[in-house]
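Residue numbers (our numbering), protein chains in the order written: chain A, 1 to 299; chain B, 1 to 261; chain C, 1 to 330.
Read the hints as simulated data drawn from the structure, not as lab findings. Even glycine gets a Cβ: it sits at the ideal position worked out from N, Cα and C. Just so you know, not all the hints are guaranteed correct.
Selected chain A positions facing chain C (in silico; Cβ < 7 Å) [said to hold, decoys possible]: (1) Ile137; (2) Ala152; (3) Gly155; (4) Tyr236; (5) Gln256; (6) Leu260; (7) Ala266.
Straight-line distance between alpha carbons at most 25 Å, and here's what the computed SDA-like set of lysine to any residue pairs gives [unchecked claim]: (8) Lys182(A) / Pro214(A); (9) Lys82(A) / Leu163(C); (10) Lys182(A) / Leu146(A); (11) Lys182(A) / Pro322(C); (12) Lys182(A) / Asp321(C); (13) Lys182(A) / Phe23(C); (14) Lys82(A) / Pro243(A); (15) Lys82(A) / Ala275(C); (16) Lys82(A) / Ala176(C); (17) Lys182(A) / Arg318(C); (18) Lys82(A) / Gly238(A); (19) Lys182(A) / Val250(C); (20) Lys82(A) / Ala168(C); (21) Lys182(A) / Arg172(C); (22) Lys182(A) / Asp314(C); (23) Lys182(A) / Leu93(B); (24) Lys82(A) / Asp63(A); (25) Lys182(A) / Arg20(C); (26) Lys182(A) / Arg323(C); (27) Lys82(A) / Gly177(C); (28) Lys182(A) / His146(B); (29) Lys182(A) / Leu324(C); (30) Lys82(A) / Phe167(C); (31) Lys253(B) / Arg213(B); (32) Lys253(B) / Ala209(B); (33) Lys82(A) / Gln170(C); (34) Lys82(A) / Arg318(C).
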Amino acid sequence: MSGLGSASEPAALGEPEAGTVVAPGSRRSRRRSVALVVGGVLVGLVVLVAVVSLFWTPYPPDDTTGGRLSAPDGAHWLGTDKLGRDLVTRLMIGARIALQTGAGAVLLGGVLGVLAGLAAGFAQRWLDDTLAALLDILIAFPTLLLAMLVVAARGASLASAVLAIGLAMSAIVARLTRVLVKRVLAQDYITASRTSGTSWPRVIVEHVLPNVWPTLVVNLALQFGLAVLAEASLSYLGLGPPPPNASWGQLLQEAQATVLTAPIGAIAPGVALVLLVVGVNLIADGLRDVADPTRRRSS
Amino acid sequence: MSVLSVSGLTVRGDTVLVDDVSFAVDAGDRLGLIGESGSGKSLTALAVMGLLPAGLAASGSVRLGDVEVVGASDRELTRVRGRAAAIVFQEPLTALDPLMRIGAQVAEPLRRFGAERGRALRAAVLDALREVRLAEPERIARAYPHQISGGQRQRVAIAMALACRPALLIADEPTTALDVTVQADVLTLLDGLVRDRGMGLLFISHDLAVVSRVTDRVVVLERGVAVEAGVLADLLRAPQHPYTRSLVAAARKLDTALEWS
Amino acid sequence: MKPVTVRRARGSLGRYLLRRLAFLLVSLLLASVVLFLLLRLLPGDPANALLSVGATPEQIEAARHRIGTDRPLAEQFLPWLGDLATFSFGTSFVSSLPVGPEIASRLAVTVPLTLLAFLLALVIAVPVGFVAAWRSRTWYGSLLSGLSQLGIAVPAFWIGILLVTVFALQWRVLPAGGFPSDDWASAPDALRSLALPIVTIALVMSASLIRYVRSATLDVLGSDYLRTARSLGSSFVGAVWRHGVRNGAVPVVSILGIELATTFLGAVVVESVFALPGLGSLLVQAIDQHDYPVIQGVLFVSTLAVLVIGFLADLAQRLIDPRLRSGVGT
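Next comes chain A alone, as it looks inside the complex (with noise of 0.2 Å):
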C-alpha cells in the first residue's frame, strides 16, 4: 500500500491489467500513449529541478535569514518555514533526495531481486515450495520496518534509506521474476533449444531474460514511485535523510506543526509527491503495452 509500506498492485505482482489487446493507433493505444506523454513531463519536470538543484537555488539550503513562516512573496515564492528557510530551495533539494532514492532503490533492488528470481525460478518442488514461503514472509515484512531496523543499525541517512527499501523491494522483485521465469521455462521453445544443443547460460540470455524484461521493467518503475512514498513515510518518521538534504516527507513533518498558519508548507511537498509517482505511475501504464503486445481479450 502506498505510503504504508508494501508494494501489492496488479502490476506490481505481474498480474497484466485487463483490457484489449491494443492495436496499434486504436482507442486505447492512444490513451496510452498519452500516458506516456503526461507522465514523461512530470517525471521531467521533477528531474529538471533536482538537476538544477545541484548548481543553484535560490537560497542556500541552511539559509534561515527569511523570517519564520512568511507567506509567499517577490523574495520568497512560497515563502518559508519555521526557521525561516526558502520553501522553494527546500522543494528542489527534496526533488533530489527523492531521485535519488528511487533510482538507488531500483538499481538495488532490482538486480538483487532479478537474480534471486532467477535462482529461484530454475529451483524445483521442495527447493522451489521453501524459497517462495521464504519470499512470501519476507514480502509480508513490511518495508518501513526493515527500514527502521536498518536505521537502528546504520544510523538515518540516505544511504540507509536507499539500502532499505532496496533490500524490501528485491523480494518483491525476486517473486515477480521467478514467477515469470518459471512461465517462461515452461514454453516449447525452450525444450526446442534445449534439444538443440544450447547451454543453459545462452538459453537464459536469449530467450528467459528477453521475455521477461519487459513486464520487469513496468514493475520496476512502478517501484520506483512506491520507493519515493516509502522514503516519504520514513522521514516523516524522523529516519530519513537529516536537514539540509531534507526530503519531502521531512518537510511535511515539520509543516504540521504549523499547518493553519502556514499551509503552503503542508501542502507543496505533498503536491511535489503525488506529482511525481503518478508522473512515474502514468509512465509505467504507458510502457504497458510495450510490455506485454499479447494481453488477454476483455471483450
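Using the hints provided, position chains B and C relative to the given structure of chain A.
Coordinates of chains B and C only, in the frame set by chain A:
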C-alpha cells in the same frame, strides 16, 4: 413462420465487420454459415442473440420469432434469449463457470424454462446429461468443468442450450476446439437432437466438410459480406463466386472423400 | 491440461486443513529463526541499552543473564523460542514493566483500527471498482479509475494531515489525536479518536483495492461464462450475481490478505500523525531505545498475525475456487 429472419444486418466497430447480411431460418431448417476467421460469422451469431461485445453496434433487422432484436432493450432481449434461440460456443472450457458444478450449471436453464424443482429438478438435470449421451451423469453432475474432458464439456454446453427448449439452435464452431475423433460424435449428436426436436439450426464453421454433414443450405461470408448463398449441394457442384470456389477447391484437396448428395 | 477423472473429494478438506496448519507452524518456526538472527545480529549487546537508564554493572549482567546473551548463540535459541511460545516476553528494559500487557493494550488500538479501516476500504472499493469497470467507457467510469490512480500516489500521512487540518483543527468535530487513557472503557470516545485514522487508512487502501476490483470486474464482464449465462436467458444482474461474484472474488481475496497483513504494522505512519498508542509506534519507540524485550515481543506478535492472516486468506481462496483444491500439480 421464420424462426430467424435477418435482413440487412450490419455490425460496426471501428470498421464495418458485418456488411448488409441477410438470411432466414425456418423451423426444422438447417442453415450453415461458412467463412474463415475474421469473416464476421461469429459476430453475426452474437448479433442475433443481442450479445455483441461493448463497442460494437448492429443495424438492420434481426427478427427472432416475432421479436425485433436490433435496438431492443436488454430486458426485452433477456426475455427472448433461450426461448427463441440458444447458442453453443466454440470453447467449452471458458464457456462454463469454472467455480460451479456441472449439475448446478445445467440446472439453471432447466429451472428457468421448466417447472421441475427440488428432486424433480435434479432428475431433470441427469436426464438432460443422458440425452447428450454422457455416461455416468451423476458423476459429471457433481464434477467441475476442469475435471471433465473437452468433448464432455461441449456436450454439457449443448445440454444447457437444449434445456431452454429453443426454437433455434445456433452452433458457433462447436467442434473446432475438440479432438477429431470426438468431433464426429458431437456432430452426430447435434444432428440427431435437432432433427428430433424439429428445431431450426444455424451452424457456423470454417470447415466445409463439417458444414456439409449437418446442413442443407449455406451462406458464404467473406470479410463480413455474404458473397453467395444457396443449397449446399448446388454450391459444392458449381460454386459461382470466386471465394466460394476457392473454399470448395481447398476442401476438396484436403478431403478426397467429401460426399455430397 | 489433461482431463482428470472425477475424484471423490470427501475428507480432503480436513486433510488440507491439517496440512496447512502444519505449514503455518513451520512458517512460524522459520520466521522465528529469522527473527532471532535478525535481533542477535544487530550491533551491540542488547543489555547495554540499560546503560542509558543508569543501571549498575551487576544489573546489566543480570539482564544479560535474563535474556540469555551471556550464553553462546546456539544455546540461546531454544529457551528463547520456548519463552515466545508461551507469550512470556519478559520486562521492558526502559520501563521495567512487563512487555506482554503493554503489547496487549497496544493491540487494543491497532487491531480495531486495522479491521475497521479494512472494512471501510472494502465498502468503498467494491462498488467503486465495479462501476469503474462496468462503465469504463463513460466519463465517470474513467474518472473513478483516474481517482484511484491518484489515490495510490498519495502518501497516507499526508491524507492524515489534511484530514486533521480540516476536521480537527478547522471544524473541531473530531479529536486531533491521542487515544483515551482508559482504552475502550468509553467506546464512543475511543471510536472518535479512531475515526480520522480509520478514514485515512481506508482511503489509501481502497485506492489500491479499487484497481484490483476493477480489473477483476473487467475480466468477469468480458468472460465467456457470463456470456453463456446471458445467452441462456439470464438477466445481467442475475448472471453477475450467480457467476461473477465468486469468480471475481478469487483474485481479490488473495490481495486482501496481503493488504490486511501489511497494514498491521504499516499503520505506524498514520499512528504517528494522530499520536495513537498503537503497535507500530511501540516498535519505533523500542527500536529507538534499543529495548530488546519489547522489540522481540512486538515482532513475534505481528509475524504471528501476518501468518495467520495469510493462512485464512489462503483458506478462503481454496473454499471459493475448486481448481485450487484438486492439487496434484494442476
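Results for each hint:
Restraint check, isoleucine 137(A) versus chain C: the minimum CB separation of about 6 Å is within 7 Å; hint holds. The interface hint given for alanine 152(A) is met, as the beta carbon of that residue sits about 5 Å from the closest beta carbon of chain C, less than 7 Å. Violation of the interface hint for glycine 155(A) is found here, the shortest Cβ-Cβ separation to chain C being roughly 11 Å, above the 7 Å cut-off. Below 7 Å, beta-carbon pairs count as interface contacts, and tyrosine 236(A) has one with chain C at about 5 Å; its hint therefore holds.
Satisfaction of the interface hint for glutamine 256(A) is found here, the shortest Cβ-Cβ separation to chain C being roughly 5 Å, below the 7 Å cut-off. For leucine 260(A), the shortest C-beta to C-beta distance to chain C is roughly 6 Å, which falls under 7 Å, so the interface hint holds. Because the beta carbon of alanine 266(A) sits about 6 Å from the nearest beta carbon in chain C, less than 7 Å, this interface hint is met. For a cut-off of 25 Å, the pair hint linking lysine 182(A) to proline 214(A) stands: about 15 Å separates their Cα positions.
Only pairs whose Cα atoms come within 25 Å are accepted, and lysine 82(A) paired with leucine 163(C) is accepted, the gap being roughly 22 Å. A distance of roughly 28 Å separates the Cα atoms of lysine 182(A) and leucine 146(A); the hinted pair therefore is violated under the 25 Å criterion. Distance hint between lysine 182(A) and proline 322(C) is fulfilled; the C-alpha atoms sit about 23 Å from each other, no more than 25 Å. Only pairs whose Cα atoms come within 25 Å are accepted, and lysine 182(A) paired with aspartate 321(C) is accepted, the gap being roughly 22 Å.
The straight-line distance between the Cα atoms of lysine 182(A) and phenylalanine 23(C) is roughly 23 Å, inside the 25 Å bound, and the hint therefore holds. Taking the CA atoms of lysine 82(A) and proline 243(A), the gap is about 14 Å. The hint holds against a cut of 25 Å. Annotation: proposed proximity of lysine 82(A) to alanine 275(C) holds, straight-line Cα distance about 21 Å (limit 25 Å). For the suggested pair lysine 82(A) and alanine 176(C), the alpha carbons sit about 21 Å apart, so the restraint of at most 25 Å is met.
A hinted pair counts as satisfied when its Cα atoms are at most 25 Å apart, and lysine 182(A) with arginine 318(C) qualifies at roughly 22 Å. Distance restraint check for lysine 82(A) and glycine 238(A): the Cα-Cα separation of roughly 17 Å lies within the 25 Å cut-off, and the hinted pair is therefore satisfied. Between lysine 182(A) and valine 250(C) the CA atoms are separated by roughly 22 Å; this keeps the pair inside 25 Å, and the hint holds. Between lysine 82(A) and alanine 168(C) the CA atoms are separated by roughly 22 Å; this keeps the pair inside 25 Å, and the hint holds.
Distance hint between lysine 182(A) and arginine 172(C) is unfulfilled; the C-alpha atoms sit about 55 Å from each other, more than 25 Å. Proposed proximity of lysine 182(A) and aspartate 314(C) is supported: the alpha carbons are some 21 Å apart, at most 25 Å. Distance hint between lysine 182(A) and leucine 93(B) is fulfilled; the C-alpha atoms sit about 24 Å from each other, no more than 25 Å. For a cut-off of 25 Å, the pair hint linking lysine 82(A) to aspartate 63(A) stands: about 12 Å separates their Cα positions.
Using a Cα cut-off of 25 Å, the hinted pair lysine 182(A) and arginine 20(C) holds, with the two alpha carbons roughly 24 Å apart. Taking the CA atoms of lysine 182(A) and arginine 323(C), the gap is about 20 Å. The hint holds against a cut of 25 Å. For a cut-off of 25 Å, the pair hint linking lysine 82(A) to glycine 177(C) stands: about 22 Å separates their Cα positions. Restraint check for lysine 182(A) and histidine 146(B): satisfied, since their Cα atoms lie roughly 22 Å apart, inside the 25 Å limit.
This hinted pair checks out: lysine 182(A) and leucine 324(C) have alpha carbons roughly 18 Å apart, not beyond 25 Å. Straight-line distance between C-alpha atoms of lysine 82(A) and phenylalanine 167(C) comes to about 23 Å, which keeps the hinted pair within the 25 Å bound. Note on lysine 253(B) and arginine 213(B): the hinted pairing holds, with a Cα-Cα distance of about 17 Å set against a maximum of 25 Å. Of the supplied pair hints, the one linking lysine 253(B) and alanine 209(B) holds, its CA atoms being roughly 11 Å apart against a limit of 25 Å.
Distance restraint check for lysine 82(A) and glutamine 170(C): the Cα-Cα separation of roughly 20 Å lies within the 25 Å cut-off, and the hinted pair is therefore satisfied. At most 25 Å may separate the alpha-carbon atoms for a hinted pair to count; lysine 82(A) and arginine 318(C) exceed this at roughly 55 Å.
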